[in-house]
Structure formats: structure tokens, C-alpha cells
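Novice: Top line first, the protein sequences correspond to chains A and B.
Those letters in the first sequence? Residues 273 to 467, by my numbering.
Those letters in the second sequence? Residues 273 to 467, by my numbering.
Worth double-checking, as some hints may not be accurate.
Intra- or inter-copy, both count: the list cannot distinguish identical chains.
What the hints assert, rightly or not - SDA-like mimics (lysine to any residue), calculated; alpha carbons at most 25 Å apart, straight line:
| id | residue 1 | residue 2 |
| --- | --- | --- |
| 1 | K429 | E298 |
| 2 | K313 | L395 |
| 3 | K380 | E303 |
| 4 | K380 | R337 |
| 5 | K313 | L359 |
| 6 | K349 | P332 |
| 7 | K380 | Y319 |
| 8 | K313 | A448 |
| 9 | K429 | S274 |
| 10 | K313 | T296 |
| 11 | K313 | P370 |
| 12 | K380 | L275 |
| 13 | K313 | M382 |
| 14 | K380 | R457 |
| 15 | K380 | N346 |
Calculated directly from the structure, the hints in this document are not laboratory data.
There are 2 protein chains.
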Amino acid sequence: MSLVLDAAAQDLLFREARTANAFTDEPVTDEQIRAVYDLVKYGPTAYNQTPLRITLVRSPGARERLVRHMSEGNRAKTAAAPLVAILAADIEFHEELPRLLPHFPQAKAMYDTLRPVREHSALVNGALQAAYFIVGIRAAGLAAGPMSGFDSVGVQKEFLDDDHTPLMVVNIGLPAGSPRPRSPRLDVDEVVTTV
Amino acid sequence: MSLVLDAAAQDLLFREARTANAFTDEPVTDEQIRAVYDLVKYGPTAYNQTPLRITLVRSPGARERLVRHMSEGNRAKTAAAPLVAILAADIEFHEELPRLLPHFPQAKAMYDTLRPVREHSALVNGALQAAYFIVGIRAAGLAAGPMSGFDSVGVQKEFLDDDHTPLMVVNIGLPAGSPRPRSPRLDVDEVVTTV
Numbered sequence: 273m274s275l276v277l278d279a280a281a282q283d284l285l286f287r288e289a290r291t292a293n294a295f296t297d298e299p300v301t302d303e304q305i306r307a308v309y310d311l312v313k314y315g316p317t318a319y320n321q322t323p324l325r326i327t328l329v330r331s332p333g334a335r336e337r338l339v340r341h342m343s344e345g346n347r348a349k350t351a352a353a354p355l356v357a358i359l360a361a362d363i364e365f366h367e368e369l370p371r372l373l374p375h376f377p378q379a380k381a382m383y384d385t386l387r388p389v390r391e392h393s394a395l396v397n398g399a400l401q402a403a404y405f406i407v408g409i410r411a412a413g414l415a416a417g418p419m420s421g422f423d424s425v426g427v428q429k430e431f432l433d434d435d436h437t438p439l440m441v442v443n444i445g446l447p448a449g450s451p452r453p454r455s456p457r458l459d460v461d462e463v464v465t466t467v
Numbered sequence: 273m274s275l276v277l278d279a280a281a282q283d284l285l286f287r288e289a290r291t292a293n294a295f296t297d298e299p300v301t302d303e304q305i306r307a308v309y310d311l312v313k314y315g316p317t318a319y320n321q322t323p324l325r326i327t328l329v330r331s332p333g334a335r336e337r338l339v340r341h342m343s344e345g346n347r348a349k350t351a352a353a354p355l356v357a358i359l360a361a362d363i364e365f366h367e368e369l370p371r372l373l374p375h376f377p378q379a380k381a382m383y384d385t386l387r388p389v390r391e392h393s394a395l396v397n398g399a400l401q402a403a404y405f406i407v408g409i410r411a412a413g414l415a416a417g418p419m420s421g422f423d424s425v426g427v428q429k430e431f432l433d434d435d436h437t438p439l440m441v442v443n444i445g446l447p448a449g450s451p452r453p454r455s456p457r458l459d460v461d462e463v464v465t466t467v
């Protein structure tokens, strides 16, 4: 056995955890989201950029506005989930770097001039943090239903601004019903090569 | 306490885990990498794309070629780490979708025509998997030193091909010495808003 993490934690976070498409009525509290964030905020990003921003869609009106921008197949489950979060990347993350990376004061200047560089970096590092967040949702005993099927420009205009790019929409709650059989994964020998 | 994951696992994966810049001489085995992959391969990606590809740089010659493409500040630690991995995203991931998403045979056709759509999707979903991989390295009791400071085009030409985009280079091993004090993180109220 090459892993140090105990088997129950392996199961909770990866092996038994499944993307959920249906949930019980049990609410997801702000305290749970705070606990998830306060754990996964420590996940590493390049230059400690931490560009992830999270919008919790709680009011019925906001939920309705979001559902309109989801792909047809994602609408019913997004309307019904106990909580829905829009995960986005802040392209102006560099404004916070003097505070986030005090031992490297030049960091902000590295990103000041080139917005396309910031866009690429925010996308990659925001996605890293989105993955940590999904792992954190599972660490809270909840299930995540991450979705990429939505009108990104529509969601951005409705809930964000030009400086925030949507990464995904995530349904969150206690899972209900049985998931479909797990889809296959690539074998390690198809993914890992050695030089 | 809002989390279900036990405190030791929280510490191992997030709270006590730190990016490492120096390592002991203890080797990192193929069995360890296999165990990491076989755990984190279950992390979710859009349409089960799983575009992450991993190149383990083991031979002295390959290590030397890689170090040349690293930023100056990353060279010494990349030369000295027990193992170095290049994480890349496969832009042609859609070729595997008929096998990876058997319940949705239309998936491949969704990506067939538009390479820019695949590039964006591979980048985001490859980054999700890179984050799962970093969590998995920690689950194996190892430390990761992920780096974005390298000549991406150079690394791509040297080790990959036009269909594989480098995401990051990761040093892997048992950490040595004391890390610098942890950099600050944004407070939950700076990151999470509710609508």
C-alpha cells in the first residue's frame, strides 16, 4: 500500500465519491461552505494567485436567472439542488499579490501589463482551486455536481463582470438516489510515460 | 465542526501540507505514482474528458534537458528533486470519449470540429486533474513542488507534441528543511458572495 491517507478518507474524497445529479432537501449552510473554504484555501496556486471567486446562488430569483443560462439537460437539477455555486476566476487577481505574496513584491508588476497572460493564469489556477473546492465539498460529507454546460457569457453578464470568467457551476447537497455506473478511466499506462 | 474528513487527513492534504523546494534523497517509486494515479483518476472532469497526461522525467539526460527550460530560480531544485513530472493537457482528448463516456456517444462529435474549444476545455479540465494529482501526492505522504516558471514552448517541443500543452512541472519527494512561513490567504468573505 503506497498511500499514507487512510482508506476511509480515500473513499470519501475519490473512490466512493460521485458526481451527484439529485439531492435530498437537506440545506447546505454558510457554515459548511466556510469550513470547506477554510480548508481548501491552503491548496497551492502559482505565486499564491488564488484567483477563485465563489458566488452562492441562494435567492429564488437568482436561482431562476441562473437556470435560464444552463443547458437544457442541466436546468431541472440546478433548479432543485439545495445550493448552487458559480465558480469564477478573477482576472485582476494581481491586485491582491502585494498582500498575498509579501516575500516577492515584484509579483504584481509581472502581471500588470499583459491581460492575456493574466487570463490564462487565472483560468489554470482558478481551475486548480475549483478542484480543491470539489474535494472540500466531499470532505464536508456532501456531494458536488460540477457542470460546464451553460452559457458562459450569459452567466458572466448576469452575475459577474468583465474581470471574472466563469469556470463551472456546481450543485451541492446530500446525494439522493443511485448514480449511474461509474464511467471508465484511462489506465495508468495510458496516462503516465517515463523519459 | 462542519467537516466529515478526519483532522489528520485535513492536515495531510491541506492544513499542514506545504509546497516543497528541497527534498531528501529518498526515491519516489513508480509504484507510488501508480497508487496516486489510481486514487485521483476518479476526480471529476467535464464529460469525463480526463485530459491530463504525465511525463516522469527520470533519466539524467532528460532531467538536464528539462532544467534548461526552467526559469533560473527553478533550476537547482528541479535538478535535485527525487522525481520531476511534467503535467500536460491532451488537446485531442475527444478521441478517447467513445470509450470514456459510453452512455453519451455524441460526446466526441461535440468536440470534433473546434480545436479552440478543445484547447480551452483541455486546459481547464487538465488543471482540475493537476490539482487532484497534487492532492494525491500528499495522500502518498510526499510533498509536491508545482512550478509554472518554465519556457512552455520549449518544454512542449522537447518532451511533448503540438497536441499536448504543458500545465505545470512538479517536483516530488519527501520534503527536507523548513518551508518559509505560509503566505496569507484571502478571507472567506473576500472570496464568497451570496446572491
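Novice: Look at each hint and say if it fits the structure.
Specialist: Now for the hints, and whether the structure bears them out:
For the homomeric pair K429 and E298, neither the shortest alpha-carbon distance inside one copy (30 Å) nor that between copies (51 Å) is at most 25 Å. With identical chains, the CA atoms of K313 and L395 are at most 25 Å apart both within one copy (17 Å) and between copies (21 Å). In this homomeric assembly, K380 and E303 never come within 25 Å of each other (Cα to Cα): the closest approach is 32 Å inside a single copy and 40 Å across copies. Proximity of K380 to R337 under the C-alpha cut-off of 25 Å is found in neither arrangement, the shortest distances being 36 Å within a copy and 30 Å between copies.
Taking the closest pair of Cα atoms, K313 and L359 come within 25 Å of each other both inside a single copy (14 Å) and across two copies (22 Å). In this assembly of identical chains, K349 and P332 lie within 25 Å of each other by CA distance solely inside one copy; the values are 14 Å within and 52 Å between copies. Taking the closest pair of Cα atoms, K380 and Y319 come within 25 Å of each other only inside a single copy of the chain (10 Å); across copies the shortest separation is 36 Å, beyond that limit. Taking the closest pair of Cα atoms, K313 and A448 come within 25 Å of each other only across two copies (24 Å); inside a single copy the shortest separation is 28 Å, beyond that limit.
Within a single copy, K429 and S274 get their C-alpha atoms no closer than 47 Å, and across copies no closer than 33 Å, so neither meets the 25 Å cut-off. Taking the shortest alpha-carbon separations for K313 and T296, neither the intra-copy value of 27 Å nor the inter-copy value of 27 Å comes in at or below 25 Å. Only within a single protomer do K313 and P370 lie at most 25 Å apart by alpha-carbon distance; the minimum there is 18 Å, versus 36 Å between protomers. For a Cα distance limit of 25 Å, the shortest separation of K380 from L275 qualifies neither inside one copy, at 38 Å, nor across copies, at 35 Å.
Taking CA atoms no more than 25 Å apart as the test, K313 paired with M382 passes inside one copy only; the shortest distance there is 23 Å, against 34 Å between copies. Only between protomers do K380 and R457 lie at most 25 Å apart by alpha-carbon distance; the minimum there is 16 Å, versus 39 Å within a single protomer. Taking the closest pair of Cα atoms, K380 and N346 come within 25 Å of each other only across two copies (19 Å); inside a single copy the shortest separation is 38 Å, beyond that limit.
Checked against the numbered hints given earlier, the structure breaks hints 1, 3, 4, 9, 10 and 12 and satisfies all the rest.
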